[in-house]
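The lines below spell out each chain.
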Amino acid sequence: MAAVASDRLFGKSIKRREDPRFITGRGQYVDDLKIPGMTYAAFVRSPHAHAKIRKIDTAAAARHPGVVAVFTGKDMTGVNSLPCGWDLRKEKKIPGVMQDLAIVPHMPLTSDAARHVGDPVAIVIADSHEAAVDGAEKVQVDWEPLPAVTVTEKAAASGAPKLHEGAPGNVAFKWEIGDRAATDAAFKTAGAVTVKKRIVNQRLVANAMEPRACVARYDDATGELTLWVTSQNPHVHRLLMCAFVLGIPEHKVRVIAPDVGGGFGSKIFLYNEEVVCSWASRRLKRPVRWTASRSEAYLTDAHGRDHVTDAEIALARDGKILGLRVKTTANLGAYLSTFAPAVPTFLYGTLLNGVYAIPAIHCEVTGVFSNTTAVDAYRGAGRPEACYVVERIVEAGARAAGMDVADLRKKNFIPKFSGAFQTQVAVVYDSGDYGAAWDRMLQMLDYRKFRAEQEAARKQGRLLGIGFSAYIEACSIAPSKLVGALGAGAGLYESGKVRVHPTGMVTVYTGSHSHGQGHETTFAQLTADKLGIPIEQVEIVHGDTGSIPFGMGTYGSRSASVGGTAILMSLNKVIEKGKKIAAHLLEASPKDIDFSGGQFQVKGAPAKAVPFGAVSLTAYVPHNYPEGLEPGLEETSFYDPSNFCFPFGAHACIVEVDRETGNVRILRYLAVDDVGNVINPMIVDGMVHGGIAQGVGQALCEGAVYDGQSGQLVTGTMMDYAVPKADMLPMYETDRTVTPTPVNPMGIKGAGETGTIAATPAVVNAVVDALAPLGVDHIEEMPMTAQRVWKIIQGAKAR
Amino acid sequence: MKLPVKMTINGQSYSHEVEPRLLLVHYIRETVGLTGTHVGCDTSQCGACTIIMDGQAVKACNFFAVQTDGANIMTIEGLAKDGELHPIQQGFWEKHGLQCGFCTPGMIMSVYQMLERYPKPSEELIRHQLEGNLCRCTGYHNIVKAIEWAAEHMPAKK
Amino acid sequence: MYPAAFDYHAPGTIKEALDLLGKHKDDAKLLAGGHSLIPMMKLRLAQPKHLVDLRKIPGLSGIKQDGNVLAIGAMTTHWQVESSSIVKSKLAVLSEVAAIIGDPAVRNRGTVGGSLAHADPAADYPAAMIALGAEMVCEGAKGRRTVKVDDWFKGLMATAVGEDELLVEVRVPILAASSGASYMKFPHPASRFAVVGVAAAVTLDGKGVCSKASVGITGAGTKAVRAKGVEAGCTGKKLDAATIEAAAQKAAEGVDVQADLQGSVEYKSHLCRVFAKRALTEAVKRAGG
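One line per chain: the protein sequences are P, V and R, in this order. Everything in the first sequence is counted per our numbering, starting at 1 for the first residue and increasing by one. Everything in the second sequence is counted per our numbering, starting at 1001 for the first residue and increasing by one. Everything in the third sequence is counted per our numbering, starting at 2001 for the first residue and increasing by one.
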């Protein structure tokens, strides 16, 4: 397949075309919508982490002035569970399953019991926000509180309170990957240095700046439901809601995700709220609107991460890694969210090879239920957890072996390859030159100079440290057959329709969704280049099932690579048809027509040419037209990739620790990333910056904490949960190497999650390095708040 | 029991009868219909609702409309004049200081005050003055660059 | 995000405000800057039936020098304190304290009086007011009375202001000659309230010996307190590093340290000592020592 014809715009940092509306306050977010006759919804939620529902009395609420209706789960007859879209059962021949996924009910409004604080039990619909909230306060729920378990390591302990009948011992699944026997043997190698460490990847809250929201409008006259919702994937929302939950015809539902204020994964999933609002709108025949308050979002947006891991590494005396053994408990929360089982299994275990030539790996994962918010994909989704384990245990291994942490890493890199590298954990890497990115990072850093500065600082008693992260990740998800065989209930292709209008203007409909990624710019760059037309003649449409062919949406850094390729395929089809039309106009054969710079021309006779706009007009006014060729000029493609893509890179972080308080300050942050080819460098840089900030946030200040006794979410607002602010981050020093992927024609690997994946271990390793003179070789838990670091320092001094 | 309020927003006068508990940000968004000012949290942390009121940057979520009777307010919609972008808006565009755009109006209005008070801010001062504005997308790097660009391009004070 | 309903009043005089308080008692709350009260109302943690807005009452804001005291109206905003040329020249530490309260938007509206009457245990001003020996002026039906700062903070969010009184002014003495003051704080990473905040003011005599030390601690306990042990460790001594270190060891005494996610009792007590040392060191430097 031919690559992009011209590089006029591909690779250029042009300003974003979507910005004018955002910088003037004219974005259209779901909460901005005004629909005539709108009602407002408030949900009644469990204040208990675990409680039986004896009775719900809605009479007083229903009588409250302004309240239109009150519904509970019992009213929603014929409605099914929110589905889990990823299966892990032996009978489906899914590799690695040791204990089948317990597929437990997840009703949109629970009727039997509440299983986490915030679990919704009723909806109050009124003619104003205030009346809905006031009315919700009048709903009387007769609760029977039950013991609750929130701590990951205790969820499956004997005697833990049971959440679901279908999940004895609160085990959701057990799964493994790799070669257990080979790994055990590797650890028994004579003379091997073995290190075992406990590594905790704490629970996080995504905190997209726009809280989740929806407006459901059922039109009784046409039987059509329109749902505006903060979604990263409107088609997926529609399919799941129609086919699995509400049993309503898919073709009578239109889901629109307009401007969406960030997602980071949290807006992928089908949530209770939009389902209940849709159901209620059909029932009331009036629009129903709901917007989460931030503290409500904390309780209900899918949380991220929450792994507890025992990791072991075996090294030969010369520092060569012999084996990696990982045992992880993954907290899934109270219910199975849409993609939850995939995150700690196939998006996690398959990345444990890292960038290293590790001959033997085994990983075992137990998923557990607990009385907490459901956990699902959050920026990186399994790959940050994997990279964190690898980069932390390699660090500990290097220190145990007495080797420089940078040298040991480089010594173990997989050598440069293009084509394929078969890992020990099923996946085949696409292309990689890990050493090149690493060397570039060390050069930017001036590593030896830093170590000298560190020496001098240490003599003054200052705690200066450097941490590295040599990362790789799997994105551009994914080949449908492959993920199907691994348990996915969906394909992971992408759609792209190119509609050329008679006047030569072009509208591109993409199944990808932009909630910050800038597709209205990058996809327009791609289109304008390929068709040789000014970018002003291109419009990108996303987020509307009413006009866009079925697409899987944006997450997993898949938009440019998968979504962009689908568009490219359609652009190529348009050009092929254009050649036929041009050939007719130019009285030549189609195989003698070149297309370049927006002109169809006869090979060898460039004066014989017609511009794109003439061809497009002819397509719609087919008077002088090839026999047998249909009029029109619009093509649709669905691109199903043949593999994941594997961006990689090298990050480094320099910190200083205040010995007296334990406070960690970042002095420098460097990132060299290889994301393959890049459409708009400025936009990719932005993705890296934002990703780094979230990775740093996990390392230093974020963490969703539940009270072990009451099960309350202690970090339930932005006053308690510390999202990084500008004054705790530095300017980032970034660069790129370019190793195109052979997987797609543009050679794009994907970039959206790299920063988050790489940054967390880089920061933690830096603190370990800073405290190394005190005898510290590992830090088990995050965030590294001042108190935590201070305690480590006190503990080290006491030894 | 509703009370009358009257405010000037972006040069236009508005009069309404409102419940005392109506927050100013909801008054602006829903009663007046200017949805550029956003609600991002419920604890006055995030700054997405920042507007200029009587010459100062304030969080619109932290007032009742009845409290701001008589105020002179500028929201993001009032910053560009006659279709010409303010240098701060231009700076955010030039330097890719936004991704999803949700924090952007509040961020820009905070910067409006910042540059009035500190025409040539250092990076450290910029970051400190952004304490009340959260962004989850950009990592702040390009926001700092956007502000520096804007500072360079502000019209000279008369 | 939608507060419970209430009746709103905006009295034009102190007397009207006091009459409303007297009439509605516990059902009424005063509204000053609103940046402590309104967040609580949005979460429905506070549901006053009557809100008495002080914004229309004249004469309650402004900063002027009155002898060797700065008289600060209770409705003076943090930004006004931060940016005041009088404060910057006569009592710079107060400008510095104001500059790190909350964030710029909060500082534009939050008030000195509101902060001191609300007495959030993690607020910044309380420590500074203790160190500077401020006095609060309250007005009631019977007229005005002055309360020394040492009698002001009674308990968790409880102050000496009477139910039928309004805090109208804060009077802060200007530092004597050869004095220096500093406020150092360890901020909560999310809320930026003081996990621990220490304000220290020292006066040195002609021989560089400390004739007066005044230290206030906020954040760690249920209320701001005077660190008497630290003060005793400084008074009458030359404040070299060792003396400061020794005096600072007493910083957690008398602080009812509350453990939370940000710190155990042990850690927060330690921070009290660290920041007492740092604040004293800087204060001494500013005093010319």
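By construction, these hints were calculated from the structure, which means they are not laboratory data. The beta-carbon is built from N, C-alpha and C at its ideal position, and this holds for glycine as well. Some clues are possibly wrong.
Below are the SDA-like pairs computed for lysine to any residue, each with C-alpha atoms no more than 25 Å apart in a straight line [what the hints assert, rightly or not]:
1) V/K1120 - R/H2188
2) R/K2207 - R/H2188
3) V/K1081 - P/R17
4) P/K791 - R/K2207
5) R/K2088 - V/Y1014
6) R/K2056 - V/Y1014
7) V/K1120 - P/L667
8) V/K1002 - R/K2207
9) P/K90 - P/N643
10) V/K1002 - R/K2088
11) V/K1002 - R/P2048
12) V/K1002 - R/D2260
13) V/K1081 - P/K791
14) R/K2090 - V/Y1118
15) P/K791 - R/D2260
16) R/K2056 - V/G1011
17) P/K797 - R/K2250
18) P/K15 - V/Y1014
19) P/K154 - P/V141
20) P/K15 - V/G1011
Chain V is faced by these chain P residues, among others (derived, beta-carbon under 10 Å) [unchecked claim]:
21) D32
22) P36
23) G37
24) V79
25) D127
26) K459
27) Q517
28) G518
29) V688
30) D707
31) G708
32) Q709
33) Q712
34) M728
To list a few chain R residues with every Cβ distance to chain P over 10 Å, as calculated [claimed, not checked]:
35) Y2008
36) K2029
37) L2043
38) K2250
39) Q2262
Tell me if the straight-line CA distance from V/K1120 to R/H2188 falls inside 25 Å. 29 Å, violated
Minimum beta-carbon distance criterion (10 Å), P/D32 to chain V: Interface hint status for P/D32: holds (4 Å vs cutoff 10 Å).
For the pair we were handed, P/K154 and P/V141, check the Cα-Cα distance against 25 Å. 29 Å, violated
With 10 Å as the threshold, tell me whether R/Y2008 passes as away from chain P on beta-carbon distances. Nearest chain P Cβ is 15 Å from R/Y2008, so the label holds.
Status of the hint placing P/Q517 at chain V (closest C-beta pair under 10 Å): 7 Å, holds
Do the numbers back the hint for P/M728, that is, is its least Cβ distance to chain V under 10 Å? 8 Å, holds
Would the hint linking V/K1002 and R/K2088 be met if the CA-CA limit is 25 Å? Answer violated: V/K1002 to R/K2088 is near 44 Å, above 25 Å.
Taking only the CA atoms, is the gap from P/K15 to V/G1011 under or equal to 25 Å? 31 Å, violated
For V/K1002 and R/K2207, compute the direct alpha-carbon distance and say whether it is at most 25 Å. Not OK: V/K1002 and R/K2207 at ~67 Å, beyond 25 Å, violated.
Restraint status (C-alpha distance of R/K2056 to V/G1011 at most 25 Å): 24 Å, holds
Does the no-contact call for R/L2043 survive, Cβ to all of chain P over 10 Å? 7 Å, violated
With 10 Å as the cut and Cβ atoms as the points, is P/K459 at the interface with chain V? 28 Å, violated
Of the numbered hints given earlier, the model fails hints 1, 2, 4, 5, 8, 10, 12, 13, 18, 19, 20, 22, 23, 24, 25, 26, 30, 31, 32, 33, 37 and 39; all others are met.
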